[in-house]
Amino acid sequence: MRASFVLSEIGIGLRRNLTMTIAVVVTTAISLALFGSALLIRSQVSTMKDFWYDKVEVSVYLCGEESTSPNCNGSAVTPEQRDQIQSDLQGSPLVQRVFYESQQEAYQRFSEQFKDSPELVQNVSADALPESFRVKLKDPTQFEVIASAIRDQPGVDEVQDQKALLENFFKLLTTLQLFALIIAGVQVFAAVLLISNTIRVAAFSRRRETGIMRLVGASNLYIQLPFLLEGVLAGLVGAVFASGGVVALKAILIDRLLKPSFPITAYVGWDAVIAVIPVLLLTGIVLSGLASFLTLRRHLRV
Amino acid sequence: MIRLQHVTKVYSASARPALEDVTVDIAKGEFVFLVGSSGSGKSTFLRLLLKEESPTKGQVHVAGKDLARLSNWKVPALRRNIGCVFQDFRLLPNKTVFQNVAFALEVIGKGGHVVNKVVPEVLDLVGLEGKGGRMPDELSGGEQQRVAVARAFVNRPMILIADEPTGNLDPNTSVGIMKLLDRINRTGTTVVMATHDAAIVDSMRRRVVELSMGRVVRDQVRGVYGHGA
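Top to bottom, those sequences are chains A and B.
Position 102 of the first sequence, counted from 1, bears residue number 102 in our numbering, the numbering being contiguous throughout.
Position 122 of the second sequence, counted from 1, bears residue number 122 in our numbering, the numbering being contiguous throughout.
There could be a bad hint or two in this list.
[Claimed, not checked] Just the calculated beta-carbon pair ranges, DEER-fashion: (1) A:PRO278 x B:LYS65: 56 to 62 Å; (2) B:ASP25 x A:ALA190: 56 to 62 Å; (3) A:VAL247 x B:HIS113: 42 to 48 Å; (4) A:ASN197 x B:SER12: 28 to 34 Å; (5) B:ARG69 x A:VAL286: 33 to 39 Å; (6) A:PRO278 x B:MET135: 45 to 51 Å; (7) A:ILE22 x B:GLY111: 54 to 60 Å; (8) B:SER54 x A:ASN197: 27 to 33 Å; (9) A:ILE182 x B:LYS117: 40 to 46 Å; (10) B:MET135 x A:ARG256: 43 to 49 Å; (11) B:LYS65 x A:VAL26: 46 to 52 Å; (12) B:SER37 x A:ILE22: 39 to 45 Å.
No lab work stands behind these hints: they were computed from the structure.
Just so you know, even glycine gets a beta-carbon here, dropped at the ideal spot from N, CA and C.
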């Protein structure tokens, strides 16, 4: 197999079909960029889970004078009840550590949190804030087990899982990821049709050459390889553009815009981006190669 | 070299067979004219030899191979043993004479030094020395057909198939092409030529196989075009 021959055939084919080739490259690039973004969203969710699940706690609020929960019977928690709850929590194999926050500490934290709105802090007294146990679980997904064990104990007002708040946000991201995947799928479908069409036109416009090649006994590989590589090359160029798009997404959207505005959370690092790029390139090659191969089998009789 | 045994070919679209119970045996080095009116089955005969079609019934042997048993991926190897020339030349208009002939070698994987050695040789053989750099549309019909013959012969095939090679040429030019085919035949290459050209068949005095309605109606060792000669 002479490489120069195959390469020159590919060059001729791509130039002859320039508009079609551009369409293939653009469609492939968009579909793969969306696919890459979906993959990045997934690693973003898992990065955030790693980051936040380390920090989230279960708050066990204890009854105060004004608690309305039926569990409290309208009276504040007694010291015996509080000790019982604490020893139960500390005795549980699911719990990593427990610390107690008094009403005074809760007030301090509250005034720290809302120091920008002093009128709100002035209107709240320490008595209005409940005392609580902050429970760190070994496995944050085990919330329900600990909650059901502790919820009905006398003196417990309410058990709250901070993780539930995060879950809503993750659901939003997962929905976003799903949408990106659906649009990517539709685009992939369009890209496959375009590649198939391009190869068909290329095979038709070079039927004179391929006819002669058949007659003089060129092997199937020799006849089909230039077309196949033509499709794969277009797909690969599309995948390279898509990789550029994903890099831009990380550099501009995440690093320049999101990070300065919302510094409280962790974002996907460059390692995740670098992991996505080979996936995109491989998908581009396999996809276009498969589309070309199947088209050739139908339209290039050997 | 070529053997058809009780070959029948029916195309699905038509009721009448294109070939019916055809038995022909062509030895190595023979020169055979295939004559008959349009639709008599000449083209089908030639297509069977290239395994572009498979017979409905009967057996085709070419170059010692039973084509029915030849797997698809071995068909290219068969076709490297068969050169083809057509009425419409089938040259690539955007390639020079040299490139057209070289193309036949390149696509079967021959390297540049082989191409550079063999192509000028074969261009000399067909009488086109010094015209390698021309484009096909700068040549006369006869010269274009010489390029096609050069391309068919450059790989030194055992068999040369010519489908109405003089069909587009005037009588004088046709004689030149026939002399060329005769010279190729004398190198030991088996030549099978389908033709309508009575004058050529009569002047060459070679074996004539006549087809009519898909049947062999005549097979003469030193025949002429018409009947009763």
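Results of checking the hints against the structure:
no., hint, result
1, A:PRO278 x B:LYS65: 56 to 62 Å, "47 Å, violated"
2, B:ASP25 x A:ALA190: 56 to 62 Å, "57 Å, holds"
3, A:VAL247 x B:HIS113: 42 to 48 Å, "46 Å, holds"
4, A:ASN197 x B:SER12: 28 to 34 Å, "29 Å, holds"
5, B:ARG69 x A:VAL286: 33 to 39 Å, "36 Å, holds"
6, A:PRO278 x B:MET135: 45 to 51 Å, "47 Å, holds"
7, A:ILE22 x B:GLY111: 54 to 60 Å, "35 Å, violated"
8, B:SER54 x A:ASN197: 27 to 33 Å, "31 Å, holds"
9, A:ILE182 x B:LYS117: 40 to 46 Å, "60 Å, violated"
10, B:MET135 x A:ARG256: 43 to 49 Å, "58 Å, violated"
11, B:LYS65 x A:VAL26: 46 to 52 Å, "49 Å, holds"
12, B:SER37 x A:ILE22: 39 to 45 Å, "52 Å, violated"
Violation of the numbered hints given earlier is confined to hints 1, 7, 9, 10, 12; the remaining hints are satisfied by the structure.
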